[in-house]
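Student: For reference, the chains in residue letters:
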Amino acid sequence: MTAMCDVAFLLLSFFILATKFKPPEALSVITPSSVSTKTAPEKDVVLVTIDKDGKVYLSVSDANVAEKKTMIDAINTSKNIGLSDAEKANFVNIPNAYIGAPFSQLKSYLDKNPEQLRNVIKPGIPAVDSTNNEMIDWFRAAQDAFQGRKMNILVKGDDASKYPSLQGVIIALKKNDLMKFQVVTSPVPPPLGSELYKAQQATGTKAVD
Amino acid sequence: MDTSGGGGHKKGPGVKKGKKLSTRVDLTPMVDLGFLLITFFIFTTTMSQPTAMRLFLPKDVKNPDEQNKVKNSAVITLMLGKSDKIYYYEGDSAAGLKATDFKNVRDIVVDKKRRTDAKDFVVIIKPTVDATYKNTINILDEMTIDGVKRYAMVDISPVEYNYIKATEKANGIN
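Order-wise, the sequence lines are chains Z and H.
Numbering (our numbering) for the first sequence: 61 to 269.
Numbering (our numbering) for the second sequence: 573 to 746.
Be aware that a few hints might be false.
Pairs of lysine to aspartate or glutamate, EDC-like flavour, derived with a Cα cap of 20 angstroms [what the hints assert, rightly or not]:
| # | chain 1 | residue 1 | chain 2 | residue 2 |
| --- | --- | --- | --- | --- |
| 1 | Z | K112 | H | D702 |
| 2 | Z | K235 | H | D727 |
| 3 | Z | K98 | H | D718 |
| 4 | H | K706 | Z | D204 |
| 5 | H | K654 | Z | D113 |
Which stretches of chain H does chain Z cover? Using the computed rule of at least three CB atoms under 8 angstroms from a CB of chain Z, they are [as the list claims (entries may be wrong)]:
| # | region |
| --- | --- |
| 6 | 597 to 608 |
| 7 | 622 to 628 |
| 8 | 691 to 704 |
| 9 | 714 to 724 |
It is worth saying that the hints were derived from the structure and are not from the lab.
The model shown is predicted, which means the values in this text are computed figures rather than measured ones.
By construction, the Cβ of each residue, glycine as well, lies at the ideal position given by its N, Cα and C atoms.
Taking the hints into account, I'd like the entire structure generated from these sequences.
Tutor: This is the structure we're talking about:
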């Protein structure tokens, strides 16, 4: 009895320690489901978030501080925004920081710290059509910053957002010759009796790209 | 009355000893709780991991000679409309538009696939501005589920969009 109890609590403490709780996300997004079984990458990620109103946001994984800095510097120079070091640091050094404003409002947007930003209505990055698509510039900056490394482009959209936002992001990707990207989804098993289900039964594999 | 204050004296016969309490505690409820928590943490760790669906975009080709040609008879076009509806037609004429939804689209795609030569079969997906992100991802996922090897996501033409508008009006969807 005592031995079993020991084992149980050892396992318990292991799982408590091993569980990585999701950081409180500033942007809450309900992702659609897919049969894909590949887990989303966590390193070298450029994440495009589309919220339920179709607004587009951009963030880079926290570990890539150097890339973040290169990106914001490149945008600052090419668009003549005139960001101060503190404003850049608001994007570079703060975990889970994301860009959610057009270039014209970027300075006042980055002026705020995350606490202040939470209560502000964010305009999002314009990315609806090809004429006013600032994602093109952001992707170019990201591509330059990640030169020589594999950049994982993730698109995480809300169920309720409309297609044009995704289309705008796809246009921006194509303009930069970025032909590969991944869509964040929550996993579901393939429906019973479908072709994929039969194929999986036949081969005994569960992996789906 | 026994008033001996110790000194190693033994109690006399007939004097009751204080009842010795057992130090053993029943551990069962604690173990139960432990295992309950273990199951909880096992489930939460595996489930919070999101997956990623990989997508490859085709290069825009300006030169018509380099474009992929598809046979009209082997094509089915799915257009995603308002209120989770799908409008589809076979071949190249959008006039004979039929309406379906996400529950029944699998049968339509599988049926078309069965009737078509496997090497020619192409599904064309055209989301309208009224379609949601969820619709778009679901239909792409549907291609994986149905084992469709060739599919393309194409912008919708104004003519087709007008057909959809007319059908929606006829079906009372605003």
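Student: Taking the hints in turn, state whether each one holds.
Tutor: Hints versus structure:
Between the alpha carbons of Z:K112 and H:D702 the distance comes to roughly 14 angstroms, so the proposed pair stays at or under 20 angstroms and holds. Between Z:K235 and H:D727 the CA atoms are separated by roughly 16 angstroms; this keeps the pair inside 20 angstroms, and the hint holds. Taken as a hint, the Z:K98 and H:D718 pair is honoured in the structure, with Cα atoms around 18 angstroms apart against an allowance of 20 angstroms. Distance restraint check for H:K706 and Z:D204: the Cα-Cα separation of roughly 31 angstroms exceeds the 20 angstroms cut-off, and the hinted pair is therefore not satisfied.
Restraint check: the Cα-Cα separation between H:K654 and Z:D113 comes to about 16 angstroms, which is no more than 20 angstroms; the hinted pair holds. Residues of the region 597 to 608 of chain H lying with their CB closer than 8 angstroms to a CB of chain Z number 5, which satisfies the three-residue condition for coverage. Closer than 8 angstroms: that is the beta-carbon criterion, and the region 622 to 628 of chain H has 7 residues meeting it against chain Z, so the requirement of 3 holds. Check on the region 691 to 704 of chain H: 6 of its residues sit with their Cβ under 8 angstroms from a Cβ of chain Z, so the three-residue criterion for coverage holds.
Here the region 714 to 724 of chain H counts 4 residues with a CB under 8 angstroms from a CB of chain Z, which clears the bar of 3, and the coverage holds.
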